[in-house]
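Each protein sequence line maps, in turn, to chains S and P.
Start counting the first sequence at 2; every next residue gets the next number (the numbering used here).
Start counting the second sequence at 21; every next residue gets the next number (the numbering used here).
The hints are simulated quantities; they were obtained by calculation from the structure and are not laboratory data.
All values derive from a computational prediction rather than experimental measurement.
Treat each hint with caution, since some may be false.
What follows is a set of in silico ranges between Cβ atoms, one per label pair, in the way DEER data are often shown [to be verified]: (1) G151/S / E96/P: 57 to 63 Å; (2) E423/S / K32/P: 26 to 32 Å; (3) H406/S / D35/P: 36 to 42 Å; (4) D432/S / G41/P: 24 to 30 Å; (5) E134/P / E423/S: 40 to 46 Å; (6) A70/S / S90/P: 54 to 60 Å; (7) D432/S / N28/P: 26 to 32 Å; (8) W73/S / M159/P: 45 to 51 Å; (9) K260/P / E423/S: 50 to 56 Å; (10) M75/S / E93/P: 34 to 40 Å; (11) S427/S / G49/P: 40 to 46 Å; (12) M75/S / E96/P: 37 to 43 Å; (13) E96/P / D85/S: 50 to 56 Å.
Distance condition first, Cα-Cα at most 27 Å in a straight line; then the derived DSS-like pairs of lysine-lysine [unchecked claim]: (14) K40/P / K30/P; (15) K204/P / K260/P; (16) K428/S / K173/P; (17) K42/S / K52/S; (18) K457/S / K260/P; (19) K187/P / K130/P; (20) K457/S / K349/S; (21) K48/P / K187/P; (22) K299/S / K201/S; (23) K461/S / K161/P; (24) K461/S / K144/P; (25) K148/P / K187/P; (26) K161/P / K457/S; (27) K248/P / K185/P; (28) K383/S / K300/S; (29) K300/S / K170/S; (30) K80/S / K402/S; (31) K457/S / K173/P; (32) K42/S / K60/S; (33) K428/S / K30/P; (34) K64/S / K42/S; (35) K201/S / K324/S; (36) K144/P / K457/S; (37) K461/S / K156/P; (38) K130/P / K144/P; (39) K324/S / K170/S; (40) K358/S / K324/S.
Backbone N, C-alpha and C fix where the C-beta goes; we use that ideal spot for every residue, glycine too.
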Amino acid sequence: MVATQETIDKVKEVSSTYKYGFVTDLEAEKAPLGLSEDIVKFISHKKKEPKWLLEWRLKAYKKWLSMEAPNWAMVDFPKINFQDIYYYSAPKTKPKLNSLDEVDPELLRTYEKLGIPIKEQEVLAGVAVDYVFDSVSVATTFREKLAKEGIIFCPISEAVQTHPDLVQKYIGSVIPISDNYYAALNSAVFTDGSFVYIPKGVKCPMELSTYFRINEQNSGQFERTLIIAEDDTYVSYLEGCTAPQRDENQLHAAVVELVAMNNAEIKYSTVQNWYPGDKDGNGGIYNFVTKRGNCIGKKSKISWTQVETGSAITWKYPSCVLKGDDSVGEFYSVAVANNAQQADTGTKMIHIGKNTKSTIISKGISAGKAQNTYRGQVQIQKNAKGSRNFTQCDSLLIGDKCGAHTVPYINQFTPHARVEHEATTSKISEDQLFYCLQRGLDTEQATSLIVNGFCKEVMKELPMEFAVEAQKLIGISLEGSVG
Amino acid sequence: MSLLEIKNAKLKLDDKDILKGLSLSVSKGEVHAIMGPNGSGKSTLSYMLAGREGYELESGEVFLEGQSLSNMEADERARSGLFLAFQYPVELPGVGGMSFLREAVNSRRKFLGEEELDHLAFVKESRKVASKMFVKDEMLKRAVNVGFSGGEKKRFEILQMAMLKPKVSILDETDSGLDVDALKIVSDGVNAQRNDDNAIVVITHYQRLLDYIVPDFVHILSDGSIIKSGGPELALEVEKNGYAGLINAA
Ligand SMILES: Nc1ncnc2c1ncn2[C@@H]1O[C@H](COP(=O)(O)OP(=O)(O)OP(=O)(O)O)[C@@H](O)[C@H]1O
Ligand SMILES: [Mg+2]
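Bound conformation, chain S alone:
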């Protein structure tokens, strides 16, 4: 994979400004500022939720009140004032849509600015897209085709109404409300997100995709996504995110839960380019996400692929719990941090079943004054005989003011398992740059080429259209960091 000419043009076009820095003028319907039991009730009421869910939310809220924000990550930011955040906002024009023609034109223009022509995507890419605009999903496509296969792909708020039994059974089953501070918060106030259910024996015929977008000023985003893959299934899910430019920091605390039964495979890919803040670290998104997959079934497989280029602070550890014998967990990650960005990301692989396998490939790229930490835990429990893990962490430094850190935790409770860890740190050398320049490439082309070469092992895990976009983003986010 290398940067195309298009990439280079894109890099030039955006120059030093964040491309997606505009604000959509949609009147929002907001909950009052701040967080309290009443706000939790307000959200639940707004969404006409069943009683069990309201109670679940309230339990989470109480739990959250008793918890402390984690401070072990290698990130540094002012204390968040949770009373200064709007916990619910929905575009006022909340349509019931049969086709895209009915979508608010203002909204469509927003997506166009983001470079996501919905129609084109519909036709060309064959992607069923569930757009989450702030908190409420407004357009869902391809649902009929999926419905024919018995696949459910809809906003989770809708699933709560239409498939309450499934939601009740699985929500919080992978990430309990007490799991961590931000997960508890999310459980109390989550507004929307995606719900996917793949019935037994079905291979999902298309990539499922969601574009998240943070729009309303000061509105925290608390998505909740739940994907359930029954026996003998396959599904590939893409998550892409962009946010407009803002001065205040915006909190994003999503929860994603995946459940894979016997012989089920879930591939979850993320390209994240939320606003990283300016050169000096003003503004930008705080991205505190909890993502975990349960490989419950035998021979099940969950694979996380992420390209993280945005956010001021990233705190994110997509994990796999390998319960089923012979289950497989994978984590492929590219994390780019430029200027004042701070990224503390990695994964957890918990081996419980026999002969479970996990692979971790992490590529961290740091430029400017950025700090990039890989934090990974590999746990081999007592009964996980014959299990194997392979971890490779590579860091690439651009310039000499940035930092890369690798923090592996290995807990092995049986001798009958193998855990391997490799780590490298490298720099883009002057020799490499000069070699490229001498062949007529400019500094940006050269950097992009070398960086994409460095990330190749991860990029090839992404679906094709996504890989191209990810390459562009990496080019854009490193713009100006060399030469």
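We have chain S; now place chain P with the ligands onto it with these hints.
Just chain P with the ligands, lined up with the frame of chain S:
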């Protein structure tokens, strides 16, 4: 008018004088050979010409087709038709040879106002050139120079030269590390590109290469300047007697 004109070039590295007033004029259609002892400044000269950072002239000037290079960055010089085959080609892990070459070729074409090659056209063109150089397609798919043998790296350099069709090519010890057969193949590759419109400067330690790529001029570079110039017979003299006599006479 000379294609390449170096006028009294002086250059320091780390406060040490490396090029000490070097002048050279290369016209269209010519092949020049530069020979000289280790450390005399041959690679430094090539880096200076290519515009490597840190190799800026202290005084003197260089012209490519009459245009001064002093305000041109390395990539602009390359796009303008200056090519350097590296003494030590650099590895680019993960960067596929095809994609790398395609970007290079298209930047050059863009500069020349030619249409950029699309994927298919490029693959066709590169296969054609590669087969002439006896470079296997498989090598183009690998990461640039990674795990290439010494000889393969040199071949790949000349392949790039053939694809880029430069005005002036500087080949820095392209013959070193080549076996007899490869030497012939690479030389044929270089000779095939000689025409009335371009020029080639070969830096070498061995007269042997000059049997294949027959130069119009041979220059002896010693201690940062050219101490003697002549025809191909000068290379034979070096081969026979070494540099000492020439240096002492200068
Ligand atoms: N960065 C540097 N700082 C100081 N001296 C340098 C630097 N780089 C090269 N030199 C010196 O400059 C001189 C010329 O080096 P150069 O590589 O140009 O020689 P050369 O003629 O190409 O030699 P060879 O035949 O061995 O390739 C050498 O004495 C070398 O040690
Ligand atoms: Mg040399």
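Now the hints, each set against the structure:
Roughly 60 Å separates the CB atoms of G151/S and E96/P, a value that falls within the hinted 57 to 63 Å. Roughly 42 Å separates the CB atoms of E423/S and K32/P, a value that falls outside the hinted 26 to 32 Å. Taking 36 to 42 Å as the suggested C-beta distance range, the pair H406/S and D35/P conforms, at roughly 37 Å. For the pair D432/S and G41/P, the supplied restraint of 24 to 30 Å holds, since their beta-carbon distance comes to about 28 Å.
Our hint of 40 to 46 Å for E134/P and E423/S holds, since their Cβ atoms are close to 45 Å apart. Evaluation of the 54 to 60 Å hint for A70/S and S90/P yields a pass: the beta carbon distance comes to about 57 Å. One distance hint, 26 to 32 Å for the beta-carbon pair D432/S and N28/P, holds here, with the actual separation near 29 Å. Against the hinted window of 45 to 51 Å, the Cβ-Cβ separation of W73/S and M159/P comes to about 48 Å, which satisfies the hint.
Distance hint check for K260/P and E423/S: the Cβ-Cβ separation is about 53 Å, which falls inside the suggested range of 50 to 56 Å. For M75/S and E93/P, the hinted distance range of 34 to 40 Å is satisfied, since their beta carbons lie about 37 Å from each other. Against the hinted window of 40 to 46 Å, the Cβ-Cβ separation of S427/S and G49/P comes to about 44 Å, which satisfies the hint. The hinted range of 37 to 43 Å is satisfied by M75/S and E96/P, whose Cβ atoms lie roughly 41 Å apart.
Distance hint check for E96/P and D85/S: the Cβ-Cβ separation is about 51 Å, which falls inside the suggested range of 50 to 56 Å. For a cut-off of 27 Å, the pair hint linking K40/P to K30/P stands: about 5 Å separates their Cα positions. Our distance criterion of 27 Å between C-alpha atoms is met by K204/P and K260/P, whose separation comes to about 22 Å. A C-alpha spacing of about 22 Å is found between K428/S and K173/P, which places the hinted pair at or below 27 Å, so the restraint holds.
With a C-alpha separation of about 10 Å, the suggested pair K42/S and K52/S falls inside the 27 Å cut-off, and the hint holds. A distance of roughly 51 Å separates the Cα atoms of K457/S and K260/P; the hinted pair therefore is violated under the 27 Å criterion. A hinted pair counts as satisfied when its Cα atoms are at most 27 Å apart, and K187/P with K130/P qualifies at roughly 15 Å. With a C-alpha separation of about 22 Å, the suggested pair K457/S and K349/S falls inside the 27 Å cut-off, and the hint holds.
With a CA separation close to 9 Å, the supplied pair K48/P and K187/P stays within the 27 Å bound. Between K299/S and K201/S the alpha-carbon distance is near 14 Å, which keeps this suggested pair within the 27 Å criterion. Between the alpha carbons of K461/S and K161/P the distance comes to roughly 15 Å, so the proposed pair stays at or under 27 Å and holds. Of the supplied pair hints, the one linking K461/S and K144/P holds, its CA atoms being roughly 25 Å apart against a limit of 27 Å.
Between K148/P and K187/P the alpha-carbon distance is near 21 Å, which keeps this suggested pair within the 27 Å criterion. As the CA atoms of K161/P and K457/S are separated by approximately 14 Å, the hinted pair is consistent with the 27 Å bound. Distance restraint check for K248/P and K185/P: the Cα-Cα separation of roughly 30 Å exceeds the 27 Å cut-off, and the hinted pair is therefore not satisfied. A hinted pair counts as satisfied when its Cα atoms are at most 27 Å apart, and K383/S with K300/S qualifies at roughly 19 Å.
Under the criterion of a C-alpha separation no larger than 27 Å, the hint pairing K300/S with K170/S is consistent with the structure, at around 22 Å. At roughly 25 Å between alpha-carbon atoms, K80/S and K402/S fall within 27 Å of each other, so this suggested pair holds. A hinted pair counts as satisfied when its Cα atoms are at most 27 Å apart, and K457/S with K173/P qualifies at roughly 22 Å. For the given pair, K42/S sits about 12 Å from K60/S by alpha-carbon distance, which is consistent with the 27 Å threshold.
Proposed proximity of K428/S and K30/P is contradicted: the alpha carbons are some 31 Å apart, above 27 Å. Of the pairs offered as hints, the one joining K64/S and K42/S holds, with about 16 Å between alpha carbons and a cut-off of 27 Å not exceeded. For the hint linking K201/S to K324/S, the alpha-carbon distance of about 19 Å falls within 27 Å, and the restraint holds. With a C-alpha separation of about 25 Å, the suggested pairing of K144/P with K457/S holds against the 27 Å cut-off.
At most 27 Å may separate the alpha-carbon atoms for a hinted pair to count; K461/S and K156/P meet this at roughly 24 Å. A hinted pair counts as satisfied when its Cα atoms are at most 27 Å apart, and K130/P with K144/P qualifies at roughly 19 Å. As the CA atoms of K324/S and K170/S are separated by approximately 18 Å, the hinted pair is consistent with the 27 Å bound. For the hint pairing K358/S with K324/S, the CA-to-CA distance comes to about 11 Å; that is within 27 Å, so the pair holds.
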